[in-house]
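Enquirer: What follows is the residue order along each chain.
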Amino acid sequence: MNPLLWVLATPLAVFLLLFAFKPRKGGDLLAIAGMALSFGLSLKAASAVLTSGQNLSVEAVKWLSFPAGTGIPAFDLSLGLRLDPMGAVMLLIVTGLALCVLIFSTWYLHGDRFYTRFFSHFSFFCFAMLGIVLSDNLLMTFVFWELVGVGSYLLIGFWHDKAAVSEDPFYQEMKAKDATGIIESKLSPAHAQLKAFVMNRVGDFGFLVGMGIFLWAALASHVTGNPLSWENLSLAVNTGAFDRISFAGLSGGTLLTLAGIGVFLGAMGKSAQFPLHTWLPDAMQGPTTASSIIHAATMVAAGVFLTARVHPLLSPGALVFISWIGAITAFVAATIALVQWDYKAVLAYSTVSQLGYMMIGLGAGAGTGGYSAGLSHLFTHALFKCLLFLGAASVIHACGNHQDMNRFGGLLKKMPLTAVTSGLAVLAICGLPFFSAFWSKDAIVASAFLAAEERSGGMSALLAWGPWLLSVLTALLTCFYMTRLWTLTFLGQERDPHVTHHAHDPSLPAKIVLALLSVFTLQFLWTGSVNPLAGSSWLDGALTPGGAVEMVAESARHHAHVQTMILATVLGLVGIGSALFLYRKGPVTVSVKPVWKFLANLWYVDRLWDLLWTEGLGKRGGALVAVLDLGSADRLTKLETTAPLSPSLDGVVDGTAKLAGALGAVFGRLQNGRIGSYAGYATLILGLLALLLVL
Amino acid sequence: MNCCMLPGPDLLSPYLLVSAVLFACGLLACLTRRNAVGYLMGIELMLNAAALNFVAYGRFRTPLEAGHGQVFSIFVIVLAAAEAAVALALVYSVYRTFRDVDLDQTTTLTGSDT
Amino acid sequence: MLDSLILSLVFVAPLLGALVLWLLPSGWIRTLRGVALGFASVPLFLGLGLFVQAVRSGQDHFLLRESVPLASNLGIAWHLGVDGLSATLLLLSGVVGVIAVLASFGITHKVRGYFSLLLVLFAGMNGVFVALDMVLFYVFWELMLVPMFFLIAWWGGEQRRYASMKFFFYTMAGSIMLLVVMLALHLKVPTTGVEVQVQRETVLSGLSVDRDGNAKVWDLPVLAADSLGHFQKAPASQLVRGDVKEFRVHVPRDFDLLHWRLLWKHWTAQSFLHMNLAAFAFLFFFLAFAVKVPVFPLHTWLPHAHVQAPTAVSVVLAGVLLKLGVYGFLRIAWPLFPTVAAAWGGVIGILGVVAILWAALAALGQKDLKRLVAYASISHMGYCLLGLAALTVTGITGSLVQMISHGIGAALLFLLVGVLYDRAHHRKVEGFGGLATTMPAFTAVFMLAAFSSAGLPSLSGFVGEVSVILGAFQSQAGIAAGCGADLFRWLAIAASLGVILSAAYLLWTVQRVAFGPLRHPEQASFPDLSLREKFSLYPLVALTVLFGVWPHPLLAALGPWARSLSLHVAQAIAGT
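Residue numbers (this note's numbering), protein chains in the order written: chain P, 4 to 698; chain Y, 163 to 276; chain F, 9 to 584.
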């Protein structure tokens, strides 16, 4: 059987087995064995694809087939697997990291009351993620997109019986003194999983709309096979399908932009782009190892992956939109991370910020090298972020589940391996030479620069240069807050010995995982050479998009790259240095209180969304509609055949019944039981009839 | 063709007038009297007015030997007698239930909730 | 003969069961339950067999059809038939019926009366699905009304009198409209019948051959003009070869629904009460069936009826009865008056989208679990309406598939609410919390049902929903409706907002009921699903997953049907 099918089916089989049989022991081993099998096969498949440049695929299977109608041909939305170079690298990362995290989790979740269930849900998540990576058409991506959402839902809500943090004495005791910004009555694993899923659904709304428009265009072009497959979509766009259809007066390029933005909205939801980012920090309610795979490396990367997949279809207008969204996300998240005390929260916002970076890269376009930069950062970030989260797991576990950095300090001596590996990851994320992100992140900034140069002809300077400016600022901030994170945790004196007294490095399997991942923070593993300025990499085959692109002149690119590298290194050193200096002795009090408050309250976005959607539309809007429809709760308790009238739809219906009753009462009064009056009526009517007849 | 086989003036209209007055009296009695027996008297009046009507038309507008009007008046008398029997039985039944023949008191079968 | 037996058995079996139940002593509760289950399974097996045949055939034609004149001077015939649509709905009805009987094992008083009424209800439902004569259709339609009324009125909740009265009068109003329009249409056909022109495709769709080799369409001889211009019976071979394109058929005055399909042009030319007869008839048919679907704003009877009815009756109500309204649209309103349906498609589509969004918002504001699920039902039926109004093959197929998957999904949800009610004796959402630890199997099924209703791919709720939305995007029906070509695209976008709201209210409910700490300590002793409950829930779960992962059977049975309806309307609009 085709190795791709095995890669995809093994995690699903593990999930089904664990769900059906719920074994008391051995579930973790089964999951690890299954993932090892998947990883092994992925290695084989991926190396075949990367070395030969040929895609691997599995024949598509008919799924949703519809017969032909008037003006619309018969079509079949099939499901098929395809592995191209970009997918191959992603495949390796997903299966490899999943395996690492599974091994780490045997230590991290040891003794947990839901231990086996973690491995079961984790395998389901991996199955869904692999489906996204291997899918060969837009609909199948959507299917697995939603399933990934379910996997994330299950993992975030892992400890489903935990109360909201406002009622959790341990949380109240362990949170930082001036922590703010979180709506505590609405933070629990159950709340967080709901929030994540519903916010992702907002993105999925856009995805559906975009998909609908793309399908309509593809069908208007009469393609063969699955109209939503990547090849057919490119074909449709390139043969002018969008010029043949029009919607709301838009056609051609503008309509394509609209469709592209629709699909990108899905990516925004999944990759936690501003303003759909507020679910990600809440998702830290789940186990840290789950976060390390979902919210660092894979699921949130799915949005970037999708954007890269549909990149050939995106119009320049859509790319500008993507750049801006990415830039805003990167900047906003970085500013919030500056003031967080919770170790995981900093990492969460850092992830959001880096995802923004990737979108800046993709938005810069393929010609400026932004596409390859964004993708390469996706890959490098997956690894060092996973490492950072696993380091966080290690620290948190060691410190008795405390996450407040105010209580850490001096852990370098107690947990040297964790400190060193996390430190390497921090250096990587800062983009210093010899580390992986030096190659990827700086390429993004460089491509943003080139893109801005290209665009400044056609639009205002601010619009064109904004993304680059924000990316540079964010680079500085990133170095600062990541160093702050590391310094406060590992350097200085132990500020709370109760918490840090018993800290030590994790057990051997976990240590091996940490060490292994830290190797990937080094640049030479990515570019294949020790020279920090080397631009090419063994991944190059994976990083060029399908289809012809206009290449910016090589010399201009090189120039921009060198400029950016110097700028980045300088900023990096400034950021790291200042953070080290400021925080070497412990936390610092802040002087600019209003700014701090604004940032600590997460730019009030979470509160705004809570006010608008949860309280506003959800609770109050829902209650209003319910009352408009069926009447007030008071009315509902008094429903007899003589129910009181009420201004509601149901009241209108009851009103017609009451009208009939009222008419009946009026006419009923004619029947007064007096025979004399009856005789009178009869006489009157007969007389009138006679009169009419005569006349 | 004049159907009056007997000589004499055409006295139809006066008879009709009397019959109409009788009918009106009977109707008035039906519409206004409270006493059930009085009500029945009104009905009798109306019936007899109709009989008078028949007789008048029979005398002045149809051949005498056919005797249509007289036959009809016999019919009316018989029917009135039968109806009176039934009606009086009803009145007696009402009296037994309500202890009264005042029609204004026998109003329990009404169209509103009493 | 066997055809007729199979066709009649779907409603005769339950009726017979009701009769048998009355012969048994009312104290033998176990026997009563067993007998009821037995007789209710007959339509299930028949429906399954017919469905499998429909899937295999992959075409839209009648699998079985039988027509015997009953009162030929009045035009009433015993005309029954099953095609892809009916077969699928019979399967749904069979499954929901058996499961409802299983769920009714908790009824303890007046058991015999309950089960016999339930069986009569099944007979009525199944009869509607196979009836092809309008009078028969009407009789079965009315037959459902009385048992439903009593089932709610005698075994329901505290406000059962109000709910049953409201249900009865609302549905009765619709039935009266059915009666009026049925008679109006019948009487507007001249006593000698009408000669209509039909297209070759129409003849081919209902072609049968008589003993002399002449063609008949729906048992009426087909006449073709010969070289002299006289109309003679057309040999079937000539028709199939395609020599002649236009034919005439003499349609007698009767109540046959298939004959009525040939008469739509005749009725469009007539007037009734100063209205065009076709418009009047469509309006009345629409209103009559719209009460059942339910179409906004005629939906307010549903929350009351669902909440007050016992669990099993709610299951049947949501699982099958709502589909009868849509079935009426599909079998009668749309095929008989395609031009009017297309002209009003805009309004109908808008009503569908309003239902989706309004009911979803109302569900967010509900504090009673059952009422919440009732609003979820209304919201899902909005998708059916939108798909139907869009008139594309994808849209109509989606509408049909959505009917089936909603039937399964709503049944699941109501059964789950029933499980909770059996234990707690209340349905307030605030009255629960944190049940996942005490009832893990229940929570798992609840989550699956919630995700399916929210349209998660790989569960059955997705196929219908996504097909409706994609079909609405392709739809050009807005032009025929006079609202602009883009109307249905805007409606599709609005309907897509429904996915956000449905995830919100369904998963929020799961969260409030199952997750978080246990809010009411006395609920720690709640038992997880019993064997009987598992028997009623797990088959539905299996169907949900099956149809979600492998929608091929549904699409094979319903796709061709949707295609023929779409083409029929398109041809009618084009004026052919």
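I should point out that these hints are in silico values taken from the structure, not numbers from a laboratory. Possibly wrong hints are sitting among the right ones.
[What the hints assert, rightly or not] What follows is a set of in silico ranges between Cβ atoms, one per label pair, in the way DEER data are often shown:
1) P:PHE24 / F:ASP11: 43 to 49 Å
2) P:THR73 / F:ALA452: 41 to 47 Å
3) P:ASP637 / F:LEU31: 30 to 36 Å
4) P:THR640 / F:ALA452: 31 to 37 Å
[Said to hold, decoys possible] In silico DSSO-like pairs for lysine-lysine, Cα to Cα no more than 27 Å straight-line:
5) F:LYS273 / P:LYS165
6) P:LYS28 / F:LYS375
7) P:LYS189 / F:LYS436
8) P:LYS622 / F:LYS436
9) F:LYS241 / P:LYS25
10) P:LYS641 / F:LYS542
11) P:LYS189 / F:LYS542
Remember, predicted model here, so these are calculated numbers, not experimental data. Note that CB positions come from ideal geometry on N, CA and C, so glycine has one too.
Enquirer: Compare the structure with each hint and give your call.
Expert: Verification of the hints:
1. P:PHE24 / F:ASP11: 43 to 49 Å: Given a distance of about 47 Å, which is inside 43 to 49 Å, the answer is holds.
2. P:THR73 / F:ALA452: 41 to 47 Å: Since the Cβ atoms of P:THR73 and F:ALA452 sit about 45 Å apart, the hinted range of 41 to 47 Å holds.
3. P:ASP637 / F:LEU31: 30 to 36 Å: Hint violated: Cβ distance 48 Å, outside 30 to 36 Å.
4. P:THR640 / F:ALA452: 31 to 37 Å: holds, 34 Å
5. F:LYS273 / P:LYS165: violated, 66 Å
6. P:LYS28 / F:LYS375: Violated - the C-alpha atoms of F:LYS375 and P:LYS28 are around 41 Å apart, more than 27 Å.
7. P:LYS189 / F:LYS436: With a Cα-Cα distance of about 21 Å, the restraint between P:LYS189 and F:LYS436 holds, given a limit of 27 Å.
8. P:LYS622 / F:LYS436: Given pair P:LYS622, F:LYS436 holds - Cα atoms ~16 Å apart, limit 27 Å.
9. F:LYS241 / P:LYS25: violated, 71 Å
10. P:LYS641 / F:LYS542: violated, 36 Å
11. P:LYS189 / F:LYS542: violated, 34 Å
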